[in-house]
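Q: Sequence:
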Amino acid sequence: MRELLPGLYLLPVPIPYPLKTVNLYLLKGKEEVILVDSALATRTARGTLELYLAELGLCFTDVNAVLLTHHHPDHYGLGGLFEGLGARVYLHEEELSRGHRFWREPEAFEAASWRLFLDHGTPEEALLGIRETMAKTRERVHPPRNPLPLKDGEVLELSGKRLRVLWTPGHADGHAAFFLEEGVLLAGDALLERVSPNVGLWAYTRANPLKDFFYSLRRLAELPAQVAYAGHFGPIPQVKRRAEELQAHHEARLQALQSLLDHPQDAWSLFLKLFPQELDPAGRRFAFAETLAHLEYLRAEGRVGREGPPYRYFRA
44 MRELLPGLYL LPVPIPYPLK TVNLYLLKGK EEVILVDSAL ATRTARGTLE
94 LYLAELGLCF TDVNAVLLTH HHPDHYGLGG LFEGLGARVY LHEEELSRGH
144 RFWREPEAFE AASWRLFLDH GTPEEALLGI RETMAKTRER VHPPRNPLPL
194 KDGEVLELSG KRLRVLWTPG HADGHAAFFL EEGVLLAGDA LLERVSPNVG
244 LWAYTRANPL KDFFYSLRRL AELPAQVAYA GHFGPIPQVK RRAEELQAHH
294 EARLQALQSL LDHPQDAWSL FLKLFPQELD PAGRRFAFAE TLAHLEYLRA
344 EGRVGREGPP YRYFRA
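Just so you know, we're using my numbering here: the sequence shown kicks off at 44 and counts up by one.
Be a bit skeptical, because a hint or two may be false.
[Claimed, not checked] No more than 25 Å apart at the CA atoms, straight line, and that leaves these computed lysine to aspartate or glutamate pairs for DMTMM-like: (1) 204 to 224; (2) 204 to 294; (3) 63 to 224; (4) 283 to 350; (5) 71 to 46; (6) 316 to 168; (7) 204 to 225; (8) 254 to 294; (9) 71 to 200; (10) 316 to 294; (11) 283 to 197.
Treat the hints as calculated values from the structure; they're not laboratory data. The structure presented is a predicted model; accordingly, all values stated were derived computationally and were not measured.
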C-alpha cells in the first residue's frame with residue numbers, strides 16, 4: 044500500500060489469475076472513506092484488504108461507499124460484502140441489466156452463453172472446461188443486491204474530492220473510469236500499462252464491444268490527465284500515448300485476423316491461430332471472446348461476411 048496523493052491510497056490485492064494482483068484505490072477524507080473497486084471474494088483478498096485498512100486505522104465497516112469500475116469478478120467480487128455492512132455501492136447504469144445481472148441472475152444468460160460458444164465452433168469437451176471454470180468463479184463473487192447507478196459525466200463529491208464519471212465501454216459494457224480534478228485518472232481496466240485489456244463479445248454484451256473500446260480510447264486520449272492509475276500493474280504517465288498504442292495494437296490484430304481468412308472458418312478455429320500459445324480454460328474463454336469481438340467488428344465494417352449457424356466467417 045502507498046499514498047499516491049494526500050488522501051488517495053493504492054491497495055494492491057492478490058488474485059489467483061495471471062495478472063497476480065488487482066489495484067484498489069482508497070480515498071480517505073475527514074468524514075468519508077471510499078473504495079474504488081472491491082477485489083475478488085476470496086479469503087486471501089479479504090485478509091489483505093483487512094490488513095491495509097488496519098494500517099490506516101480502519102475496518103470494513105468504516106467504508107462508506109464503493110465505486111465499482113465494472114462487473115468483472117476481480118473488481119466487483121466483494122461488492123455485496125460492503126453493501127451488507129452498510130456501504131453504498133455504485134455501478135454504471137449500463138452494467139445493471141447486463142454484467143450485474145449476469146452475476147445476480149445466472150439463469151438469465153446461461154443458455155445463450157453456451158449456445159454462443161457452440162454456434163461459433165467450440166468443441167463440447169472444451170466447453171466443459173469453460174463451464175467448470177465459470178462455476179468456480181461464481182463461488183468467488185458476492186454481488187451487491189441494489190447498486191446505485193452512475194451516469195456518464197456526473198460529478199461525485201466524496202471524501203473531500205471531486206470525481207467525474209467517464210463511461211468507457213469496451214472491456215465491459217458499463218465500465219466507468221473516474222477523473223479527479225487533480226488531473227488523476229482512476230482508469231480501472233480501460234487502460235493498462237503492460238497488456239491490452241481484454242475486449243470480448245459475450246451473450247449478454249453490447250453487439251460491438253471493440254467499436255465501443257475504440258470510442259473509449261479516443262475519449263481517454265483527449266483528457267487533460269497527468270497520470271492514470273489502472274486496475275492492474277503500474278501507473279501510466281502518458282495517457283494519450285498509451286491510448287494510441289492500444290488502438291494500434293487492435294488495428295494490427297484486425298489485420299492479422301483478416302489475413303487468416305483464406306477460406307471460411309469459425310471463430311474457435313480462428314482464435315486457435317490468433318492465440319497459438321497454450322491456454323487454460325479461462326484463457327481460452329477470454330481469447331475466444333476477443334477473437335469473436337474482432338470478427339464482429341470486421342463484419343460491421345463490411346470487411347468480412349458470415350454464414351450459418353453454425354457460423355463461419357469469410358472475406359467480404
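Q: Evaluate each hint against the coordinates.
A: So, going through the hints one by one against the coordinates:
Of the supplied pair hints, the one linking residue 204 and residue 224 holds, its CA atoms being roughly 8 Å apart against a limit of 25 Å. For the hint linking residue 204 to residue 294, the alpha-carbon distance of about 37 Å lies beyond 25 Å, and the restraint is violated. With a C-alpha separation of about 30 Å, the suggested pairing of residue 63 with residue 224 is violated against the 25 Å cut-off. Between residue 283 and residue 350 the CA atoms are separated by roughly 39 Å; this puts the pair beyond 25 Å, and the hint is violated.
As the CA atoms of residue 71 and residue 46 are separated by approximately 10 Å, the hinted pair is consistent with the 25 Å bound. Restraint check for residue 316 and residue 168: the C-alpha separation of about 19 Å stays at or below 25 Å, so the hint holds. A threshold of 25 Å between alpha carbons decides the hint, and for residue 204 with residue 225 the separation of about 9 Å falls inside it, so the pair holds. In summary, the hint linking residue 254 to residue 294 is supported, as the alpha carbons are separated by about 11 Å, within the 25 Å threshold.
Under the criterion of a C-alpha separation no larger than 25 Å, the hint pairing residue 71 with residue 200 is consistent with the structure, at around 13 Å. Taking the CA atoms of residue 316 and residue 294, the gap is about 17 Å. The hint holds against a cut of 25 Å. Between residue 283 and residue 197 the CA atoms are separated by roughly 23 Å; this keeps the pair inside 25 Å, and the hint holds.
In terms of the numbered hints stated before, the structure departs from hints 2, 3 and 4, listed from lowest to highest.
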